[in-house]
Amino acid sequence: MMLFSTTQGRTVVALSTAERLGTIAACTLAPSPAHISALHLKTRGRHGHIMLWKNVHSFGEDAVTVRSAEGLKPEKELDSAEEAHKSHDPLGKRVLTEAGESMGTVEDIDFDEQDGSLRALLTTEGKVPGDRLMGVGSYAVVVHRPG
Amino acid sequence: MSTYLRAREISQEPVVTLAGEDVARVKDIVFDPMRGSITCFTLSGQGLLAGPLKRALLWKKVHALGPDAVMIRDEASLEDDDEAARERIDAPGGGSVIGARVITEDGTALGTITDVIIEASGTPRVIGYEVGPTARTGQTVFLPVIKPKSVSGEMMVVPACTADFTAGDPAGLPAAAEGLRRRLEQEA
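From first to last, the protein sequence lines are chains D and Z. In short: position in the first sequence from 1, add 110, done, that's our numbering. In short: position in the second sequence from 1, add 10, done, that's our numbering.
Since the hints were made in silico from the structure, they are not lab data. Heads up, the beta-carbon is just placed ideally off N, CA and C, and yes, glycines get one too. Some hints here could point you the wrong way.
[Said to hold, decoys possible] Part of the chain Z face toward chain D, derived, beta carbon under 8 Å:
1) 24
2) 26
3) 27
4) 31
5) 74
6) 77
7) 78
8) 80
9) 81
10) 108
11) 109
12) 110
13) 158
Take the sequences, apply the hints, and build the full model.
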């Protein structure tokens, strides 16, 4: 079990240049199969940057290593409709089933640090298995109905 | 398990895509009072764009109607040209029956409709009405309506025996409706 909350603040290092790129601030998710699509980094300066998960080399205990700084993209260059846009950050967001029922809000994310797959969403009303994720929008996290 | 929704609760519900974006808010529910089926939702805009949205959501485009949101597949589900919806809204009683008086065929007033009760499991349908107190009854009751005789913007005429099948809460409506259905069959 790896909770996203425990990784916030972890340093992200570029392997090619041994540079410290920033620290983990947030993430965005993508469905089918459910996984972390991008990490949002707190970087120097006013605006943050995003790093797509596919650029992650290793999710270590003390630092997250990425191949190079090239994958770093300024957050402000993203359109709000893009999946990796910050408005799609699942933490604190309301959860709705596809049937239109509220299921609380997302408190934490349990993910696999090897491949970024989403194991579960931890909500105020319980655990939702990752494979039930349908989408994360600016308004809500939508999940398949149980059973 | 059945979920009962009130029309008043559904209005103001957000319309949310399966991707989690809220694209509009429900303004009114348009239904066919003669059949009890929902035809469409009229919409209003969001936030800064609040105000009537010149788009409607036809029932067949709805993914699910829930207690907290109306779910749609994507934004393309909203009708750009709401001509079809407009026609139905203008049909008698289509826009709103809230405020209409319920009268039996033999001329007894049962009260004024204060809300519409919708059963949301499966294909949602109107299973009855919340009817405000009349001088005679003195309390709010829930009336099952299977087949009204006629509907206009100001009045709904129901079979005389409807008055014998009232419920104290929305959950009692299915049983009341079943009783009424049997009685109507006997009388037919």
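Okay, the hints, checked on the actual structure:
1. Hint on residue 24 (chain Z) holds. Least Cβ distance to chain D is approximately 7 Å, under the 8 Å limit.
2. The interface hint given for residue 26 (chain Z) is met, as the beta carbon of that residue sits about 6 Å from the closest beta carbon of chain D, less than 8 Å.
3. Contact between residue 27 (chain Z) and chain D, as hinted, is supported at the beta carbon level, the nearest pair being about 7 Å apart and thus within 8 Å.
4. Here the hint on residue 31 (chain Z) is kept, as its CB sits about 4 Å from the closest CB of chain D, short of 8 Å.
5. Satisfaction of the interface hint for residue 74 (chain Z) is found here, the shortest Cβ-Cβ separation to chain D being roughly 4 Å, below the 8 Å cut-off.
6. With 8 Å as the threshold, the beta carbon of residue 77 (chain Z) comes within range of chain D, its nearest partner Cβ sitting at about 6 Å, so the hint holds.
7. Hint status for residue 78 (chain Z): holds, given a least beta-carbon distance of 4 Å to chain D, under 8 Å.
8. Taken as an interface hint, residue 80 (chain Z) checks out: its beta carbon lies about 6 Å from the nearest beta carbon of chain D, inside 8 Å.
9. The beta carbon of residue 81 (chain Z) is positioned within 8 Å of a beta carbon in chain D (closest approach about 5 Å), and the interface hint is therefore held.
10. Proximity of residue 108 (chain Z) to chain D is violated relative to the hint, the smallest CB-CB distance being about 22 Å (cut-off 8 Å).
11. Interface hint status for residue 109 (chain Z): violated, as the beta-carbon distance to the closest one in chain D is roughly 27 Å, over 8 Å.
12. Violation of the interface hint for residue 110 (chain Z) is found here, the shortest Cβ-Cβ separation to chain D being roughly 28 Å, above the 8 Å cut-off.
13. Residue-level restraint check for residue 158 (chain Z) is violated (minimum Cβ-Cβ distance to chain D is 28 Å; threshold 8 Å).
Violation of the numbered hints given earlier is confined to hints 10, 11, 12, 13; the remaining hints are satisfied by the structure.
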